[in-house]
Amino acid sequence: MPEVLKAPLVVEFPFTRSLGPVQSAFLTGLRERVVLGVKTRDGRTLVPPVEYDPVTSEDLGELVEVASTGTVTTWAWNHEPRRGQPLDTPFAWVLVKLDGADTGLLHALDAPGPDAVRTGMRVRVRWAEERSGAITDIACFEPYDGDSAELTGSDGRFEDMVTGIVAPARLDYTYSPGRAQSGYINALSDRRAVGERCPSCRKVYVPPRGACPTCGVATSEQVEVGPRGTLTTYCIVNIKAKNLDIEVPYVYGHIALDGADLALHGRIGGIPYDQVRMGLRVEPVWTDGGRFPDHYRPTGEPDADYDTYKELV
Amino acid sequence: MSKEPVAVVGIGQTKHVAARRDVSIAGLVREAAQRALADAELTWADIDAVVIGKAPDFFEGVMMPELYLADALGAVGKPMLRVHTAGSVGGSTALVASNLVAGRVHGTVLTLAYEKQSESNAMWGLSLPIPFQQPLLAGAGGFFAPHVRAYMRRTGAPDGVGSLVAYKDRRNALKNPYAHLHEHDITLEKVQASPMLWDPIRYSETCPSSDGACAMILTDRAGAARSPRPPAWMHGGAMRSEPTLFAGKDFVSPQAGKDCAADVYRQAGIADPRREIDAVEMYVPFSWYEPMWLENLGFAAEGEGWKLTESGVTELDGDLPVNMSGGVLSTNPIGASGMIRFAEAALQVRGQAGEHQVDGARRVLGHAYGGGSQFFSMWLVGATPPTS
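Chains A and B are the protein sequences, given in the same order.
Note that my numbering has the first sequence beginning at 1, numbered continuously upward.
Note that my numbering has the second sequence beginning at 1001, numbered continuously upward.
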């Protein structure tokens, strides 16, 4: 069996988040070395504060300051910190009930080893040197054996409130296109288009997926298609897409390669954009080192009759 | 045992805008849900379950909305579940909620859908750099524009029909206080003069990018009897799916859409949708999809949909008004867009649509689609309870 392709795929995006009034106060407070909680109607203080009471569903908004010292209520040792975690040496994940709070705040505790950590131990906030209004303004917690820290007297109002944060998301995958598409991609390196025929409905899929989506059966019979084909429909793109180095306007079309039973997508070149038409006969144009045809150009043959491709748009 | 009749007794939306920087996502959904509760004159304690839908995760970076939003939606101690079906999700979310009532699993269900497009980038979500694959060259508009051209070729529709749809929907939006775009100086000439983005689709014939949420309260017969305002009654609802790409796929009029509509009409006892349905709120992200869906949903014979648009039948005061709210063309928080269609249908039969009310609307269809014309969900609501 030929080699199945694999490659890393990193999906990464800096999502932004509007904070709303409660998170805005909480994160601005951290920037100012103040920890804020929110008071519920039955007198509990929730830290970190939330916008809605998790028991009664009421709106919450009465912010109260709590101390930057507290007690570990439970913990787990992290032997191998990963990218983006608060500390790059082994540490304890801890839930800390800050003095004055009724709930635990999840954070990291800097400790020499698991033997130095226990439920009930006293800890305090270690503030980050540079703070911007983010949970990372608390660099971590550290062991502490003094009295409860004094409050600053904040009422939750600050100059220059933080109203939004950037929340980058990143997922690391190993991607494999699978057997059928690997075969297709490998054939493209010889500038050949190879699809697979469904044993049941006899339709030829290019690119192949290894199964027919209509019949639900595996496909394996390889069929070489093209290289010529018919432009079945298209649009003229007038706006420049990010990360694509193509001059506008250009034509983006559906191309049914001869012998294929559905169209693939590609760019049409070698003809003024306003002369492109449905039914145009085209062939691939390759560039050195290209994994795919760079574009398709007219073959000079007469246009295909509409009835021959109307099912392939 | 027959199904429990399902009634819509509460509807709430946020004012849809380009960016709601003043609220968190939790605050946004809360606002819509509280408006729906207020409309129904109910409290969180009256809700038995919550069903939520949203955009695909990569579109906005929230992977578990059911976890994050449980307290904002009063779901503590209650079942909460999430539905995924791309752009049609708002419709299918409402249908899942309706099934819980119809099956007598729950008496009263809150259903909600949302998206904050301003905090994310749907174009990025649609163009992940999958190894070995050729990048999509044209974005969402470029994906749909060739299908519009195929429709024009198949039907002989004249070039100007798309602009007529956009001009109508943007004028309808002026009557809807919740719509995102309020283009007070809109003219047909301006639509026709707007730049061609993906020829044959012009800038003014595309949807905006919006932040917004929509919520509905669905309840059983006993709940409807307590409703302070007239309920909308569900007469039929269905979902259908098909692959994005397969040999024989008809992008102009997908089979799954036809089958979905036929199922809804069968449930509702509709033999002739053009005569028996008073108005339609359908998912039209690019203007040409109005005539395409008119055919797909059986309101016009194949090739004839554009004639209804061109002759004014789909205007707000026409014989079959389409997209009274201003439609997706005027408001598009993608994750919520399907539910906004369903909610508009319900508002119409309740007589609660305000300035964009269609006089005497008794039976109205709400329609959503998503993916690469892959998922369809629809419901037909009426002013009176179903007879069977």
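These are calculated hints, taken from the structure and not from any lab test.
Errors might be hidden in some of the hints.
Straight-line Cα separation of at most 25 Å, SDA-like style, residue types lysine to any residue; simulated pairs [as the list claims (entries may be wrong)]:
| no. | chain 1 | residue 1 | chain 2 | residue 2 |
| --- | --- | --- | --- | --- |
| 1 | B | Lys-1078 | B | Thr-1043 |
| 2 | A | Lys-203 | B | Gln-1374 |
| 3 | B | Lys-1015 | A | Thr-163 |
| 4 | A | Lys-240 | B | Thr-1043 |
| 5 | A | Lys-6 | B | Pro-1129 |
| 6 | A | Lys-240 | B | Pro-1079 |
| 7 | A | Lys-97 | A | Ala-116 |
| 8 | A | Lys-310 | B | Lys-1003 |
| 9 | A | Lys-6 | A | Ile-185 |
| 10 | B | Lys-1078 | A | Ile-185 |
| 11 | A | Lys-97 | A | Thr-71 |
| 12 | B | Lys-1015 | B | Lys-1258 |
| 13 | A | Lys-240 | B | Ser-1194 |
| 14 | B | Lys-1003 | B | Pro-1079 |
| 15 | A | Lys-203 | A | Lys-240 |
Every beta carbon over 12 Å from chain A, so not counted as near; a handful from chain B, in silico [stated by the list, open to error]:
| no. | residue |
| --- | --- |
| 16 | Asp-1022 |
| 17 | Asp-1185 |
| 18 | Met-1196 |
| 19 | Val-1313 |
| 20 | Pro-1385 |
We put the beta carbon where it would ideally sit given N, CA and C, even for glycine.
Verification of the hints:
1. B/Lys-1078 with B/Thr-1043: holds (14 Å)
2. A/Lys-203 with B/Gln-1374: This hinted pair holds, its Cα atoms lying about 20 Å apart.
3. B/Lys-1015 with A/Thr-163: Between B/Lys-1015 and A/Thr-163 the Cα gap is close to 20 Å, so the pair holds against 25 Å.
4. A/Lys-240 with B/Thr-1043: At roughly 50 Å apart (the allowed maximum being 25 Å), B/Thr-1043 and A/Lys-240 break the hint.
5. A/Lys-6 with B/Pro-1129: Holds, because 14 Å separates the two Cα atoms, which is no more than 25 Å.
6. A/Lys-240 with B/Pro-1079: violated (46 Å)
7. A/Lys-97 with A/Ala-116: The hint holds at about 18 Å.
8. A/Lys-310 with B/Lys-1003: Violated, at roughly 43 Å.
9. A/Lys-6 with A/Ile-185: holds (12 Å)
10. B/Lys-1078 with A/Ile-185: It is violated: about 50 Å lies between the C-alpha atoms, which goes past 25 Å.
11. A/Lys-97 with A/Thr-71: holds (5 Å)
12. B/Lys-1015 with B/Lys-1258: Distance of about 33 Å is beyond 25 Å: violated.
13. A/Lys-240 with B/Ser-1194: Given that 25 Å is the threshold and the Cα spacing comes to 17 Å, the pair holds.
14. B/Lys-1003 with B/Pro-1079: At roughly 21 Å apart (the allowed maximum being 25 Å), B/Pro-1079 and B/Lys-1003 satisfy the hint.
15. A/Lys-203 with A/Lys-240: With a Cα-Cα distance of about 36 Å, the restraint between A/Lys-203 and A/Lys-240 is violated, given a limit of 25 Å.
16. Asp-1022: Violated, because the least Cβ-Cβ distance between B/Asp-1022 and chain A comes to about 7 Å, which does not exceed 12 Å.
17. Asp-1185: holds (24 Å)
18. Met-1196: violated (5 Å)
19. Val-1313: For B/Val-1313, whose nearest Cβ neighbour in chain A is about 27 Å away, the distance exceeds 12 Å, so it holds.
20. Pro-1385: holds (31 Å)
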